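Participant: Residues per chain are reported as follows:
Number of protein chains: 2
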Amino acid sequence: MQNHLIEPSKVDEIISKVHLDLPSEKVNFIESLGRTLAEDIYADRDFPPFDRVAMDGIGIHHSAIENNNNLFAIEGVQPAGSSQLTLKDNGNCIEVMTGAILPKGADVVIPYEWTERKGEKMCVLDFKHAQTFTNVHRKGVDVKKGEVLIKKGTVITSAEIGIITTVGKEEVIVKTLPKVAVIATGDELVGVDQIPADYQIRMSNCYSIQSRLKEEGISSKIYHIVDDKDALKEKIKGLFTSYDIFVFSGGVSKGKFDYLPQVFEELGVVKQFHGVKQRPGKPFWFGITKNNQPIFALPGNPVSTYLCANRYLLPWLRQELNKEINQGKAILDSNYSFSKPLTYFLQVKSYYNKLGELCVSPTTGGGSGDLANLSNADAFVELPSDKNSFKKGDKLPIWFYKK
Amino acid sequence: MQNHLIEPSKVDEIISKVHLDLPSEKVNFIESLGRTLAEDIYADRDFPPFDRVAMDGIGIHHSAIENNNNLFAIEGVQPAGSSQLTLKDNGNCIEVMTGAILPKGADVVIPYEWTERKGEKMCVLDFKHAQTFTNVHRKGVDVKKGEVLIKKGTVITSAEIGIITTVGKEEVIVKTLPKVAVIATGDELVGVDQIPADYQIRMSNCYSIQSRLKEEGISSKIYHIVDDKDALKEKIKGLFTSYDIFVFSGGVSKGKFDYLPQVFEELGVVKQFHGVKQRPGKPFWFGITKNNQPIFALPGNPVSTYLCANRYLLPWLRQELNKEINQGKAILDSNYSFSKPLTYFLQVKSYYNKLGELCVSPTTGGGSGDLANLSNADAFVELPSDKNSFKKGDKLPIWFYKK
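Taken in sequence, the protein lines are chains R and C. No gaps in the numbering here: position 113 of the first sequence is 113 in the UniProt record's numbering, and each next residue is one more. No gaps in the numbering here: position 181 of the second sequence is 181 in the UniProt record's numbering, and each next residue is one more.
No lab work stands behind these hints, which were simulated from the structure alone. These numbers come from a predicted model, not from an experiment. Note that the Cβ used here is the ideal one computed from N, Cα and C, for glycine as well. There may be inaccurate statements among the hints.
In silico DSBU-like links for lysine-lysine, alpha-carbon gap of 35 Å or less [to be verified]: (1) R:Lys395 to C:Lys290; (2) C:Lys118 to R:Lys233; (3) C:Lys10 to C:Lys256; (4) C:Lys214 to R:Lys151; (5) R:Lys403 to C:Lys145; (6) R:Lys139 to R:Lys151; (7) R:Lys387 to C:Lys128; (8) R:Lys152 to C:Lys403; (9) R:Lys118 to C:Lys233; (10) C:Lys10 to R:Lys271; (11) C:Lys349 to R:Lys26; (12) R:Lys221 to C:Lys118; (13) R:Lys139 to C:Lys387; (14) C:Lys256 to R:Lys403; (15) C:Lys392 to C:Lys152; (16) C:Lys233 to R:Lys121; (17) R:Lys221 to C:Lys403; (18) C:Lys323 to C:Lys175; (19) C:Lys17 to C:Lys290; (20) R:Lys221 to C:Lys151; (21) R:Lys403 to R:Lys387; (22) C:Lys256 to R:Lys323; (23) C:Lys254 to R:Lys144; (24) R:Lys282 to R:Lys340; (25) C:Lys392 to R:Lys349.
To give a feel for the contact side, a few chain R residues facing chain C, derived at Cβ under 10 Å [stated by the list, open to error]: (26) Leu33; (27) Gly57; (28) Val77; (29) Pro79; (30) Gly162; (31) Thr165; (32) Lys256; (33) Tyr306; (34) Lys402.
Here chain R is said to cover these stretches of chain C; the calculated rule only asks that three of the stretch's residues, wherever they fall, bring their Cβ under 8 Å from a Cβ of chain R [as the list claims (entries may be wrong)]: (35) 74-82; (36) 260-269; (37) 352-359.
Starting from the given sequences, assemble the full structure and let the hints guide the process.
Facilitator: Given below as structure tokens:
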């Protein structure tokens, strides 16, 4: 390959400079799961919104404790969800339920566990050092009305859904998701529903990429373009108007019919690199269109495509959507050697040892074409190019593709 | 609480004995992502299905190397996706493209990088120890026709989608997903679109549970039942006929209107436990209906509900769907004390240190009612009850709720 090969770290550097300019949209809160907030979420009231009973029991006035009163006539019951009662006599009590508003005039809650019912009265067996506002979750103690609860840019998970619904945000402003085109090239490809001739194979890379994106909550559309330069050029030009991100599979090697790099050049795409000092995935091509749309042109080999998608495309997408990127390392559980001066992405199966540490075993796959091995493994570890012998116990960067 | 409190490990033991009896269904492969395979996936042909050219270059016969022939007349071009050509003369070559079938009569591929074009001929500059089948990915070397590629029970990720499409499985048999009812109880609850009165709050737990299930690919339906014993009983009885799993939020404390345990009993549900030696989530109630449907009745406090869902419900569901359960531990990055003889689930924010080790910082939340803190944290660590002082550097079981 006459291209100047670059290191994976350089790939990261180049790709991380590309930024999506995603507008905002309003969606129902139910649809906002997994999306990136484009507004701050405020408290619409204090939280708790009222002095909230924290234990089932009786509400009394603290002066009763000081007066050594331990027998309380019951004035009534304050259930959760009912309007506030008033304790009329400081020597009496009101039965109070968890989640209820504390009755006016009461300022201590004594749990049922510390009491005994005596006919129409409640007898407190032990005050257990109860004092003003014991077992009361006080109004505004968690959050004051108007405070920011969730910052713009936060990714909405189930935890945020709980907050969003609490403050009554029926609609939430989120970043739009990028529109992604996944384009398979290669005359040897036939559809999943076809019986391939001896020299043909079925389309699969485009589906594994599409599924990988779907696992990250991003939908994409699949195209298949044959190895005809004019057809490629016309079709790709058309797609440029409709998508934010392009992921190609195949067509970037050195074959006579690997027209993509040339077609991209003719369409004004600025090549950033072609070829990475790595295995698998060496022929990876990356460029940027005149409208700042990134083009990830991945090698056609299934494992190469999948590695490049997981090692470069997904982390970059997560970064653009403010999602966290795994920076963890895993402990290699056996020696492994790799002689070439390349970064090698080793397929591994991860597990936790008895100490709860993340460990990995190399999986015995065949060549880089052995797609079935991807199912047995669940991650790649990154073996840097400056070493060729890795020892049991070495800690290596890990790129998960299964959770 | 007069109930006998049990340890979290005992909860695991009890819940893990409940098994869902999920039937199978056939879905389109596109819809199978995240589902659990209910059939083996076989290779419908050898993989590679033909002697596959692994580099762009020329296909020759190995005898040429032995004969010190390094100048080859070009007989033609073998592109990927075209039917097999035949090399007529062992002293000639055919140009071959990556992914193409190897021409009949050729048995070595010399990459373009090792050659130079001389008019109508190709000159090999260096054979680099090429021999029979160098740069040929041989038919069936990865997988033989009829071999099992993915075993029944495997969870289908994007990696499996690549394999399923490769073998042309348009439809896949998977386990059906469980039908889950999420039921909010409590008269204090109003809808997300309502303006609550002073003593009311909006429904939120049911949405965070529903979203947490959705993050695991499981859809659920939400119900709200008021604190009326007859209404509860009638409604729940009806739901028993339509769902596999029940998750309740609220109504299991010791309040006058916490009717659930009694209603469950009257409906023939066998209580397994009521109360766990833990904070948050102490009042957690769990039972099994006559038809072996589990009932997770979670405390109404938002953090308690969320902890119980993440610590017990989700891992059990993942186990039932053959998904892996995180068994990792995280390193506590500061000292932490907790005086009560309970298992304490501490809200933490995780990160990786420079060695790539998983570390956690306790997040400064208020009481267990401080829902907003769940957004700042991303996991709980489990502080066992037999200690009350935890040191920086301690390794603790971690339960993630954000990825």
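Participant: Now tell me if each hint is right for this structure.
Facilitator: Going through the hints against the structure:
1. R:Lys395 to C:Lys290: Cα-Cα ~50 Å, so violated.
2. C:Lys118 to R:Lys233: The given pair, whose Cα atoms are some 31 Å apart, holds under the 35 Å limit.
3. C:Lys10 to C:Lys256: Answer holds: lysine 10 (chain C) to lysine 256 (chain C) is near 28 Å, not above 35 Å.
4. C:Lys214 to R:Lys151: Holds, at roughly 23 Å.
5. R:Lys403 to C:Lys145: holds (30 Å)
6. R:Lys139 to R:Lys151: At roughly 23 Å apart (the allowed maximum being 35 Å), lysine 151 (chain R) and lysine 139 (chain R) satisfy the hint.
7. R:Lys387 to C:Lys128: Roughly 24 Å separates the two Cα atoms, so the pair holds.
8. R:Lys152 to C:Lys403: Since the Cα atoms of lysine 152 (chain R) and lysine 403 (chain C) sit roughly 19 Å apart, the hinted pair holds (cutoff 35 Å).
9. R:Lys118 to C:Lys233: OK: lysine 118 (chain R) and lysine 233 (chain C) at ~31 Å, within 35 Å.
10. C:Lys10 to R:Lys271: violated (59 Å)
11. C:Lys349 to R:Lys26: Roughly 29 Å between the alpha carbons, so the hint for lysine 349 (chain C) and lysine 26 (chain R) holds.
12. R:Lys221 to C:Lys118: Judged against 35 Å, a Cα distance of about 44 Å means the pair is violated.
13. R:Lys139 to C:Lys387: holds (33 Å)
14. C:Lys256 to R:Lys403: Status violated; Cα separation ~43 Å.
15. C:Lys392 to C:Lys152: violated (43 Å)
16. C:Lys233 to R:Lys121: Within the cut-off at roughly 31 Å; holds.
17. R:Lys221 to C:Lys403: Within the cut-off at roughly 25 Å; holds.
18. C:Lys323 to C:Lys175: Distance ~13 Å between lysine 323 (chain C) and lysine 175 (chain C) Cα, so the pair holds.
19. C:Lys17 to C:Lys290: Since the Cα atoms of lysine 17 (chain C) and lysine 290 (chain C) sit roughly 15 Å apart, the hinted pair holds (cutoff 35 Å).
20. R:Lys221 to C:Lys151: Since the Cα atoms of lysine 221 (chain R) and lysine 151 (chain C) sit roughly 29 Å apart, the hinted pair holds (cutoff 35 Å).
21. R:Lys403 to R:Lys387: Measuring from Cα to Cα gives roughly 29 Å; hence the hint holds.
22. C:Lys256 to R:Lys323: Answer violated: lysine 256 (chain C) to lysine 323 (chain R) is near 45 Å, above 35 Å.
23. C:Lys254 to R:Lys144: holds (29 Å)
24. R:Lys282 to R:Lys340: holds (13 Å)
25. C:Lys392 to R:Lys349: holds (30 Å)
26. Leu33: Cβ of leucine 33 (chain R) sits 5 Å from chain C, so the hint holds.
27. Gly57: holds (8 Å)
28. Val77: Result: holds, 6 Å to nearest chain C Cβ.
29. Pro79: This hint holds: proline 79 (chain R) lies near chain C, its Cβ roughly 5 Å from the closest one there, short of 10 Å.
30. Gly162: Check passed: Cβ of glycine 162 (chain R) comes within 4 Å of chain C, closer than 10 Å.
31. Thr165: holds (4 Å)
32. Lys256: OK, holds: lysine 256 (chain R) within 10 Å of chain C, min 6 Å.
33. Tyr306: holds (7 Å)
34. Lys402: OK, holds: lysine 402 (chain R) within 10 Å of chain C, min 5 Å.
35. 74-82: It holds: at least three residues are needed, and the stretch 74-82 of chain C offers 5 whose Cβ sits within less than 8 Å of chain R.
36. 260-269: Check failed, 0 qualifying residues.
37. 352-359: It holds: at least three residues are needed, and the stretch 352-359 of chain C offers 5 whose Cβ sits within less than 8 Å of chain R.
When each numbered hint is compared with the structure, violations occur for hints 1, 10, 12, 14, 15, 22 and 36.
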